[in-house]
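Residue numbers (our numbering), protein chains in the order written: chain V, 1 to 387; chain F, 388 to 507.
The set of hints was computed from the structure by calculation and includes no laboratory data.
Where is the CB? At the ideal position from N, CA and C, for every residue including glycine.
It cannot be assumed that every hint is accurate.
[Unchecked claim] Some but not every residue of chain F turned toward chain V, in silico, with C-beta under 10 Å:
| # | residue |
| --- | --- |
| 1 | P449 |
| 2 | H484 |
| 3 | C497 |
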Amino acid sequence: MRTVAVVGASLAGLSAARSLRKRGYDGRLVVVGEEFHRPYDRPPLSKEFLAGALGEADLALEAHDEDLGAQWLLGVRATGLDRTRRALRLADGREVRVDGLVIATGAAARRLPGADGLAGVHVLRTLDDARALRDELARGGRLVVIGGGFVGAEVASTARALGLDVTVVEAAPTPLSGPLGAAMGGVVSGLHADHGVRLLCGVGVKGLSGERHVDAVVLEDGRGIPADTVVVGVGARPCVEWLEGSGIELDNGVKCGADGRTGLAGVVAVGDCANWYDPRARAHRRVEHWTGARERPDAAVATLLAGGAVTPGVPRPPYFWSDQYGVRIQFAGHAAGADSVTVEEGAVDDRDVLAVYRRAGDPVAVLGMNQARSFTRWRKQLAAATS
Amino acid sequence: MKIPACRLADLPRGEAFRLDIDPPVSVFHTDDGEFFAIDDTCTHQDASLADGWLEGCEVECPLHASKFDLRTGAVDAPPAKRPVRTHEVVVEDGVIHVRLSTDAPDLPPCVASRLAGGSA
Numbered sequence: 001m002r003t004v005a006v007v008g009a010s011l012a013g014l015s016a017a018r019s020l021r022k023r024g025y026d027g028r029l030v031v032v033g034e035e036f037h038r039p040y041d042r043p044p045l046s047k048e049f050l051a052g053a054l055g056e057a058d059l060a061l062e063a064h065d066e067d068l069g070a071q072w073l074l075g076v077r078a079t080g081l082d083r084t085r086r087a088l089r090l091a092d093g094r095e096v097r098v099d100g101l102v103i104a105t106g107a108a109a110r111r112l113p114g115a116d117g118l119a120g121v122h123v124l125r126t127l128d129d130a131r132a133l134r135d136e137l138a139r140g141g142r143l144v145v146i147g148g149g150f151v152g153a154e155v156a157s158t159a160r161a162l163g164l165d166v167t168v169v170e171a172a173p174t175p176l177s178g179p180l181g182a183a184m185g186g187v188v189s190g191l192h193a194d195h196g197v198r199l200l201c202g203v204g205v206k207g208l209s210g211e212r213h214v215d216a217v218v219l220e221d222g223r224g225i226p227a228d229t230v231v232v233g234v235g236a237r238p239c240v241e242w243l244e245g246s247g248i249e250l251d252n253g254v255k256c257g258a259d260g261r262t263g264l265a266g267v268v269a270v271g272d273c274a275n276w277y278d279p280r281a282r283a284h285r286r287v288e289h290w291t292g293a294r295e296r297p298d299a300a301v302a303t304l305l306a307g308g309a310v311t312p313g314v315p316r317p318p319y320f321w322s323d324q325y326g327v328r329i330q331f332a333g334h335a336a337g338a339d340s341v342t343v344e345e346g347a348v349d350d351r352d353v354l355a356v357y358r359r360a361g362d363p364v365a366v367l368g369m370n371q372a373r374s375f376t377r378w379r380k381q382l383a384a385a386t387s
Numbered sequence: 388m389k390i391p392a393c394r395l396a397d398l399p400r401g402e403a404f405r406l407d408i409d410p411p412v413s414v415f416h417t418d419d420g421e422f423f424a425i426d427d428t429c430t431h432q433d434a435s436l437a438d439g440w441l442e443g444c445e446v447e448c449p450l451h452a453s454k455f456d457l458r459t460g461a462v463d464a465p466p467a468k469r470p471v472r473t474h475e476v477v478v479e480d481g482v483i484h485v486r487l488s489t490d491a492p493d494l495p496p497c498v499a500s501r502l503a504g505g506s507a
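Okay, chain V solo, but in the shape it has when bound:
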């Protein structure tokens, strides 16, 4: 291979570029990024960066002396892939002929229909989003967070610590019941009330009110929740529209094998846009976790360089973390399919918990709240049991 392009310059793209070099690829390496920024770390955007404790320089993912010998095309979006000519099309009209391609275009924050053009309404996905939200939160006032998932909860936690009046609105009866199950979703989201944040569950959002600037969130039951700032945290959709018509199968992102390979030779996909086959679950799963974006590109790159002639190792069970209200939350495995959840250490009321999810007696997932040491042990056990 003489030219490999990595489309996407965030964690998954950078990890893929690094793996290419580490595995001995010495040809031309082109990294395409839609944002103008060099690769940066997103988890602090809803926490330390939003609170002002970390600056932009702290977010850099590259070491200061790191040189991957790559050509960086930043501030330009990929718009298409011509598979017969093996050409990547860019928004500025340029074309890059490639032998190998790593798709790492990530996911974009879902927005609220009808909210465009209303000041004071934010999503949080990129550094630019976080800058804008940080400036707004610094003015104080009333914040309404739409969506009680991890991003919404972290923003609520950070804003509360900054002294804002915070309300979280969640359409489901219990926040986080998707990733954590209802019981533990209830325990973790109990942190909101512990810290004086209002949590309204089981009610959808009808819309926003305000002339130029938002002044309230209107719920489906007719209630209006006054707001100076609104954060919409209702998930993300994979950025794969640019691949339509390329011959690559799209189904909740780029449909991939267990090692990131697509149906097109020489093309792999990684990170939030990639819907990998999970041999444990015997189903495709799109995993939007930092750890997956950090670890899986190496397997995909190995596949790419070997022309598909390697057998992938089974990745470790999915892992993610969240810091809210000073509590460190960690989770590994799949909660779906568990038939029991038991607290093995600590107590639910203390928000100090190590809980194990089991299916037919076998551990399938583990949740820790301020239980880093025990959590690591269980996570290792889970990986050993399912590898």
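Following the hints, put chain F in place on chain V, whose structure we already have.
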């Protein structure tokens, strides 16, 4: 400075012992029976490496995915970018001691500022 950490008998293979000094230092007993001491705090964020995933001569931060080499302190990949300090381990009379490095520690921004300010 050489300070006692714990009794040899109290640190089985595959385990770590955290010495609560400021900044904290941890002693690791690998599965192969070797002892290593490094600064306990991940250089990326306030997390205790003694709580991490020990494999061979490497420990992975319990929060994220950076792995530190216990022999050199070097880190393999982000989010951590800087190495941790290493210390010499001395076992005498059944007690594990740590001879502290005189190098400046590499601490994450929040911990460094706390230590510099002298308060939490």
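Hints, one by one, checked against the model:
1. At a threshold of 10 Å, the smallest CB-CB gap from P449/F to chain V is about 4 Å, leaving the interface hint in force.
2. For H484/F, the interface hint is violated, the least distance from its beta-carbon to any beta-carbon of chain V being 23 Å, above 10 Å.
3. Interface hint status for C497/F: upheld, as the beta-carbon distance to the closest one in chain V is roughly 6 Å, under 10 Å.
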